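Chemist: Single-letter residue listing:
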Amino acid sequence: MMKQLQSQSGASVFQYALLPQSPLPAETIGGNGKATLLIEEMFEKRSQVDLTEGDTVQTGQKLAPFKTSDAYVISSVTGKISAIYPYPGDFGSHFTAVDIEVANDEMAAPIEDLEPTLEVLQAYLAEAPGKPPLHLLGDPDRPIHTIVVSGVDTDLLVSTNQYAIRTEIHAIAKGIEVLKAAAAPETVAIAVPRDLIAGFGHTGADVLKAVSPDYPAAHPKLILYHAFGVEVPADKNCEDMGYAFFSAESVAAIGQAYDTGRLPIEKLVTLIDKQCRVKVITARLGTPVGAILKTAGIATGDRDRLILGGPMTGTAIYDEKLVVRADTDAVMVQDAADVNLVSDYSCINCGECVHVCPTRIQVNMLVRFLEAGQYEDGAELYDLLSCVDCGLCSYVCVARIPIYQYIRLAKYEMARVSAVAEASDES
Amino acid sequence: MGEMIKMVIVLTILSSLSGGVLAYVKESTQERIEMQVLQLVKGPAIMSIFKDATNDPVADRFSIDDEGTNLDFFVAKIDGKQMIAFETSGKGYGGDVGLVVGIDTSTDKIFGVGVTTHSETAGLGSKAKDDPKFAAQFAGVDIKGPIQVGDPINALSGATITSDAVCSAATDAGEIYARLKPQIEKELQAFK
Amino acid sequence: MAKSITHEFMKGLWEEVPPFRLVLGLCPTLGVTTKMQFGIGMGLATTFVLVCANILVSMLRKVVPAKVRIACFIIIIATFVTLVELLMQAFAYPLFLQLGIFIPLIVVNCIVLGRAEAFASKNGLMLSIADGLGIGIGFTMSLAALGALREILGAGTITLWEGIELVNLVNLFPGFQPFQFMVQAPGAFICLGIMLCFMNMVGNR
Amino acid sequence: MSRKKMFIVSHAPFWHNGSNIQERCYGMIWAAMPAVALGIVQYGLPAVGVVCLAIATAILAEYLMNRATKRTVTIADGNAALLGLLFAMLIPATTPWWVVVVGTLLTVVIGLHVFGGLGANPFHPVAVSMMMLTVSWPAFMDFDAALVNYELSFKAVFPLTLAKNLGTAAVADFSTLDLLLGRQIGGIGSTFGLGLIAGGIYLIAKRYIRWEICLSFLASLFLTALAFHLTDPVRFAGPMFHLLTGYTLIGAFFLLPESASSPVNPVPMLIYGAAAGVLTMLIRNIGSYHDGVLLAVLLVNLVNPLLDKIRPKALGRMA
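Protein chains in written order, with my numbering: chain A, 135 to 561; chain B, 5 to 196; chain C, 21 to 225; chain D, 191 to 509.
Everything labelled a hint here was simulated from the structure, so no lab data went into it.
Model, not experiment: these values are computed from the prediction.
We put the beta carbon where it would ideally sit given N, CA and C, even for glycine.
Worth double-checking, as some hints may not be accurate.
Stated by the list, open to error - Derived CB-CB ranges, DEER-like: (1) D:344 with C:182: 48 to 54 Å; (2) D:457 with B:182: 57 to 63 Å; (3) A:555 with D:195: 38 to 44 Å; (4) A:203 with D:199: 27 to 33 Å; (5) C:111 with B:148: 40 to 46 Å; (6) C:218 with D:195: 49 to 55 Å; (7) C:218 with A:555: 41 to 47 Å.
What the hints assert, rightly or not - List of simulated lysine-lysine pairs, DSSO-like, C-alpha gap at most 30 Å: (8) A:408 with D:194; (9) A:179 with A:455; (10) A:545 with D:503; (11) B:137 with B:113; (12) A:455 with D:195; (13) A:428 with A:214; (14) A:370 with D:503; (15) D:396 with A:408; (16) D:195 with A:428; (17) D:194 with A:413; (18) D:195 with A:413; (19) D:194 with A:168; (20) A:455 with A:168.
In isolation and in its complexed conformation, chain A is listed as follows (with noise of 0.2 Å):
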């Protein structure tokens, strides 16, 4: 599949798979038995959380059980509540998992009306399905004057922003308009594939962007860069400069809480399977991986590869048990043949990785820093942190050294660092 790939596009560079014109709808998966629901809050001990095993929840009731936080989750499933307990995620993150025994009657949860303002959004929809990022708006000392509505999916093979704007466009639309009554940003604008670009005049959105189908142009810094001609500094984020970005499944949300009056807790997947086919389904939130797969009849054995993500950027997972969560764009499976190790030799300076990559960072001198630890130097001389994580650097590694995780390591660290040091200066 990977050759097949690469013959398509001539060079080693990709291209974005489009789906066909009229895609198949979406199968709803899934909501057998069992959900597991995370919330953003580290589980230290049970007096913190006013839930406890055996209460009852039902769809679309939000869930908000600590005493000292807002972090909330909006129930998908009606049910008893079976477990509550610490979950660790990625990257140093914490939740705390509440697995709930799905009942066979389903009741949905009463909601008041929802008025299109910042805190109604901010209190029902942040963990909507795509993840709007919503903390984003309204923060005095980082205005965002513009909103991208981004139709494209970040990562190859992820189908399911496409998806959603070519078959949810009325939704997109009145989330749009949402968005726009409560944030009052300055400009709208929507970025989809150039191949589709025919047909978006109606979405309210005031700027229409076409994103170009090279991977990895669909990266929010690279199409501020390319589409909008606005170059974020490295050290800056694109909500720095004034740009919020919204995945079009999110404001597609939105835009359905509001016509429907239900919060939505069905997410899009794609799902990819071992030959890389391709599928769009909607499943609710905290459906297992497992239970996905296996309505979806593909199977798993020892030794494949379990993917939350797309190929390029995604997270290999340890168990099936593992559940779909508000960002969980694409669920992926590799065969164990296909599965590709590191190796443990060093750089010899070939040269693909500088070639590929998109933002022009010299990876060769690079990951020579970071092999060493050096990410304060890596940042400073070879630019660490102009990389978009894309990963195109470590698929053409020829000496298959693991480049990516080098650098999300070295991004990781240089955080932590910082943040421990803002800390100490604080106190």
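Once you have looked at the hints, place chains B, C and D on chain A.
Modeler: Below, chains B, C and D without anything else, positioned relative to chain A:
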């Protein structure tokens, strides 16, 4: 203030002691050093040129004042003919290359040459001294003619600069010889 | 810690042998070691200067004001170096010709100034002599070893002193072709690198 | 409940384009084959002996160094074999066995492993060892002397020596076609112009080497030779002659573009190649060595870290 004076005194005493000792040693070794230079630097080169001399060329020498510098001339007798030898130098790759040029005074042709001091690269330029074939090329060459690499001298392979230096030293010798010939002939009478 | 004369002498032979352990005095180490005899000659000259300078510096350590001590050390060292140079010209002229500029350069050899500053100016006469002698002999041995290695590889011989050849591979094996690279400047670096590598391997046991 | 499935957990990306070091090294060995084949045809069994001995020694040396430095044994990746082969391609077929062994050891140990192995060598290992041999045993590296006993169907004089000593007229009877077809003496694998060019094109097509380096080297060598030739047509031979003699082609396709010691950005690559071309011609025409390619390679290898400082501004790097 007291420390200042102490510093001055200590430095002055040390310096003058040092100067005194060195001056004494220099004075007492000067003669020996000159002998060493003659015997060990020019001596071997001269002896290699005048292998068949019937006298001792290092001992039989005179000097002529040439425009302010004192040049030593060494006299050898071979088959009844008088030869002279003296040292010149050329600019080599690693510094000056010293060359003793032996001249047959009856024919004004080079009798032989020998490299004395040099700091050329071992194995390349140092062959000028170590490779007898190179020096042998000079025998019989007219001292008046231009002596250049290529014609009549073939360069040492890989050491063009050293070869040039030797040739230019030989050319210099020719000029000096031509300039001082009358004086040399006068001095030579004494060794007849 | 009580300093014993034996300890100060012995440390220069292995623990603190200058070019390999302290990695000091590399200029002559690389420059003159084309033959073992040059290494020994250079080492002996340095040892002489080192011991004499140590004696004088140690004796004068109470007299010399701290502010001008480096200047005084340099005067003392330079005097002995010039002395060595003159004596060498008078009594070992061929060696002097070969060592050339490296003899006057002993003045700026960091081992000599280093011992004067770090040891002799703080210790008594006997200790300083022992220190200078130990370091000097260690330096001589190192140069001799490096010289022997380069000479045997690069010329096929080991020359202990002018005219005294310990080994001559060219005579032993008529077909022997010396690896001339080793007696040239880059060969010095490679040989020194190899010897440093072995010293570290043995030292880290 | 069945046993929990064991998944492989690793980091992104989960795809790889399939390239690896082994494929690269064997690709370069294949590319060298035509030139080596002609050498073997011309010089017969002694050439086979030299090539085999060099490769065997290189692999053994790599194995021993891997063990000595306590690293993974990497003799299977073909890099050692490639170095041995390249070394054998540069030397005459009559080189004594012990020179081959010493030269190969120098290549692998001094040229490669003392610097830290594959990827860490600042110079091309083969160029390093070749220069050491040239300095130490010039007699064995002299093609005229080494190949004097061969009955060859063409003029058995090293063209560059002729050109250096006797000028353009002496090399007039080397036609471009003869040189392309390897009808000249030289190293085992360094004479067959067409074979080397074919190998080079294969390497460029497979992206194992960069065309920028090869072409800028050849172009600048051509132009410099042309400039010399126009200044003094009697003394300095023409550009086509220099393009096809000595180590020019093997240098252009196998020595200069060696990845660890060459730059990776387009502009530095062009400067790197061009500098090597000019240096080669300067050494050939006014230096003291007959062929300057190896020295030029070493010199530009030395400048490579500086050249690598010339690079495009990364996205988001402000002033």
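Chemist: Please go over all the hints and tell whether each is borne out by the structure.
Modeler: To see whether the hints hold, each was checked on the structure:
1. D:344 with C:182: 48 to 54 Å: holds, 52 Å
2. D:457 with B:182: 57 to 63 Å: About 59 Å separates the Cβ atoms of residue 457 of chain D and residue 182 of chain B, which means 57 to 63 Å holds.
3. A:555 with D:195: 38 to 44 Å: holds, 42 Å
4. A:203 with D:199: 27 to 33 Å: At 30 Å between Cβs, range holds.
5. C:111 with B:148: 40 to 46 Å: holds, 42 Å
6. C:218 with D:195: 49 to 55 Å: holds, 53 Å
7. C:218 with A:555: 41 to 47 Å: 45 Å Cβ-Cβ, so the 41 to 47 Å window holds.
8. A:408 with D:194: holds, 20 Å
9. A:179 with A:455: holds, 24 Å
10. A:545 with D:503: With Cα atoms ~20 Å apart, residue 545 of chain A and residue 503 of chain D stay inside 30 Å; holds.
11. B:137 with B:113: OK: residue 137 of chain B and residue 113 of chain B at ~18 Å, within 30 Å.
12. A:455 with D:195: holds, 11 Å
13. A:428 with A:214: Roughly 24 Å separates the two Cα atoms, so the pair holds.
14. A:370 with D:503: Holds, at roughly 17 Å.
15. D:396 with A:408: holds, 29 Å
16. D:195 with A:428: holds, 14 Å
17. D:194 with A:413: Roughly 26 Å separates the two Cα atoms, so the pair holds.
18. D:195 with A:413: holds, 24 Å
19. D:194 with A:168: With Cα atoms ~17 Å apart, residue 194 of chain D and residue 168 of chain A stay inside 30 Å; holds.
20. A:455 with A:168: holds, 10 Å
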